[in-house]
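Enquirer: Protein sequence lines, in the order shown, are assigned to chains Y and A. First residue of the first sequence? That's 1 in the working numbering, and the numbers climb one at a time after it. First residue of the second sequence? That's 1 in the working numbering, and the numbers climb one at a time after it.
These are calculated hints, taken from the structure and not from any lab test. From a predicted model like this one, the values you see are computed outputs, not experimental measurements. No false leads were slipped in.
Beta-carbon label-pair distances, calculated as ranges:
hint, chain 1, residue 1, chain 2, residue 2, range
1, Y, P222, A, L65, 32 to 40 Å
2, Y, E167, A, L9, 36 to 44 Å
3, A, R97, Y, L189, 49 to 57 Å
Sample of chain A residues lacking proximity to chain Y, with all beta carbon distances greater than 12 Å (derived):
hint, residue
4, G74
5, R171
6, R235
Ideal placement from N, C-alpha and C gives every residue a C-beta, glycine not left out.
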Amino acid sequence: MSRSLKRFTRNPLTIVALLVVLGLIVSALFAPRLATHQPNRQDFRAVLQPPSKEHYLGTDEIGRDIYSRVIFGARISVTVGVLSVALGGLIGISVGLLAGFYGGLLDSVLMRFIDVLLAFPGILLAILLATALGAGLGPVVIAVAAYSVPTFARVMRGSVLGVRSREFVEAARAAGARSHRLIVKHVFLNAFSPVLVYATLLMGGAILTAAALSFLGVGVAPPTPEWGAMISTARSYMRQAPHVILGPGIAIFLTVLAFNVLGDALRDALDPKN
Amino acid sequence: MLSFIARRLIFSAFVVIGVLTLVFVSLHLAPGDPIDMLISPEGGGRAGPEIIAQLRSKYGLDQPLIVQYLNYLGNVLQLDLGTSIRNGRPVLQEVLRLYPATFELTLASLFVAALLGTLTGVLAALHKGGFVDHLSMTLALLGVSLPHFLLGLLLMLVFSLQLGWLPPSGREAGFGWESLKHLIMPAATLGVATTAIIGRLVRSSMLDVLKEDYVRTASAKGVHRRAVVMRHAFRNALIPLVTVLGLEFGVLLSGAVIAESIFAWPGLGRYLILGINGRDFPVVQGAVIFIATTFVLVNLVVDILYSFLDPRVQYA
Numbered sequence: 001m002s003r004s005l006k007r008f009t010r011n012p013l014t015i016v017a018l019l020v021v022l023g024l025i026v027s028a029l030f031a032p033r034l035a036t037h038q039p040n041r042q043d044f045r046a047v048l049q050p051p052s053k054e055h056y057l058g059t060d061e062i063g064r065d066i067y068s069r070v071i072f073g074a075r076i077s078v079t080v081g082v083l084s085v086a087l088g089g090l091i092g093i094s095v096g097l098l099a100g101f102y103g104g105l106l107d108s109v110l111m112r113f114i115d116v117l118l119a120f121p122g123i124l125l126a127i128l129l130a131t132a133l134g135a136g137l138g139p140v141v142i143a144v145a146a147y148s149v150p151t152f153a154r155v156m157r158g159s160v161l162g163v164r165s166r167e168f169v170e171a172a173r174a175a176g177a178r179s180h181r182l183i184v185k186h187v188f189l190n191a192f193s194p195v196l197v198y199a200t201l202l203m204g205g206a207i208l209t210a211a212a213l214s215f216l217g218v219g220v221a222p223p224t225p226e227w228g229a230m231i232s233t234a235r236s237y238m239r240q241a242p243h244v245i246l247g248p249g250i251a252i253f254l255t256v257l258a259f260n261v262l263g264d265a266l267r268d269a270l271d272p273k274n
Numbered sequence: 001m002l003s004f005i006a007r008r009l010i011f012s013a014f015v016v017i018g019v020l021t022l023v024f025v026s027l028h029l030a031p032g033d034p035i036d037m038l039i040s041p042e043g044g045g046r047a048g049p050e051i052i053a054q055l056r057s058k059y060g061l062d063q064p065l066i067v068q069y070l071n072y073l074g075n076v077l078q079l080d081l082g083t084s085i086r087n088g089r090p091v092l093q094e095v096l097r098l099y100p101a102t103f104e105l106t107l108a109s110l111f112v113a114a115l116l117g118t119l120t121g122v123l124a125a126l127h128k129g130g131f132v133d134h135l136s137m138t139l140a141l142l143g144v145s146l147p148h149f150l151l152g153l154l155l156m157l158v159f160s161l162q163l164g165w166l167p168p169s170g171r172e173a174g175f176g177w178e179s180l181k182h183l184i185m186p187a188a189t190l191g192v193a194t195t196a197i198i199g200r201l202v203r204s205s206m207l208d209v210l211k212e213d214y215v216r217t218a219s220a221k222g223v224h225r226r227a228v229v230m231r232h233a234f235r236n237a238l239i240p241l242v243t244v245l246g247l248e249f250g251v252l253l254s255g256a257v258i259a260e261s262i263f264a265w266p267g268l269g270r271y272l273i274l275g276i277n278g279r280d281f282p283v284v285q286g287a288v289i290f291i292a293t294t295f296v297l298v299n300l301v302v303d304i305l306y307s308f309l310d311p312r313v314q315y316a
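The following block holds chain Y by itself, in its conformation from the complex (with noise of 0.2 Å):
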């Protein structure tokens, strides 16, 4: 483990990202205190300023401060990466475990079921689901978190598969093991590590993909401040007021970046070929 972590840090980019979830994570929780403004409050006197003291990435067309939308919008990105990716790997980590463990029947029934979800290339089946449950958070959650169940699924079954046949999963069984203690002690755990680098990779991609959603008009509904609606309401204004994309642009940009090299990072570490 030691070793891994050595791997892991080598990597000044990795701390770089470390770092960047790290500031992520602080204004989530802090973001009343961090920011310098009411997101939500408008003054007319003050729209479509420039980055100044007093608003330090500007203001937007009804006058509210992005820096602080920007902050408070951490939340809501935050919120919807950690739960959909929650929901979407018990779910798929489930099918995985039971279709890699028990095999046959299941396997065939379970498999064919996530292929149908694979059948929705990219962001399409998210649209669907979002516009089905209409606007909001929870409705976000559901659809991100269907986007990855079949990337958890496949990672863990395979994994579970290559765990499986192994020695000390005979030996246990020939101890008397039972099969859910089978399953959880002796599978499950030395079938992890693939997923917890997918489920940082895709951290990064349902944060991704919950901001394109908003973006389209069927994500978390305005007036909150969520990073994908800021840039998909700036559109209108971005001629004469460019820096109106560039806060919320520059944090999404940020965030899924800095999940992305952490994956790339704890794959390499944690691969037994390096």
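Chain Y is fixed; fit chain A onto it per the hints.
Expert: Just chain A, lined up with the frame of chain Y:
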């Protein structure tokens, strides 16, 4: 071989039925039905209960769910995707009319992404650990992390609004310079992430192949390095690319939703968004079904192609 193709065909048919079922179930999870949406105050109208009942029976919404489901399956399998609730136009006709624009955009992105991605992937692999490798993999990382919608807006800001070099929206059918100018930004927006994914894939695939015995043998017997790279390594490194191209085609097809909505590209994606905004369920349903089915078919073709390219793939 034939039995492999037959099995893949049956499997694809099964997946399509699954897709249709999932679409049906999702849209029936929605609170209220399309008629509620249509006549709700935000839908812009008020109607008496009689008219509502009449509309419900017209669209079959007064039937039991299972009957609705079977009717729906029957209709879709007969290529009837229903009509738009907003303007009454047949959905399939609209989808087919708009598809060429989306296909053009998707294909242009995929083509450029495959070209650029392969080139950077091969160069990175040949200079592993060197400057070219680091630079191209950093660019690839940035490429997968930059949201489509942000990239699109930034391109538009720089190349249309500031420099005035490219038109900010719309499409010109045809093959001239004008139509190319309209295509550049949407295709770039759509294709950047795919370029990055292909670059990474080709790099790792190339690195794997360069370690193979037959490559070492070729080098050992004195084959020129360029010939080793091109004839022995490169061709084999491209095999996994076929599968990814199939998958990415689908991703681009659905990613086109965003690129089209930014650049007002008159395609299927924009139609889907208009359907979503108008809560026009037959439109949403039709567009989603069309994209997903196309994706399933493309993957079917890719799988069959793959088994020709790599005879080691087992048909059993």
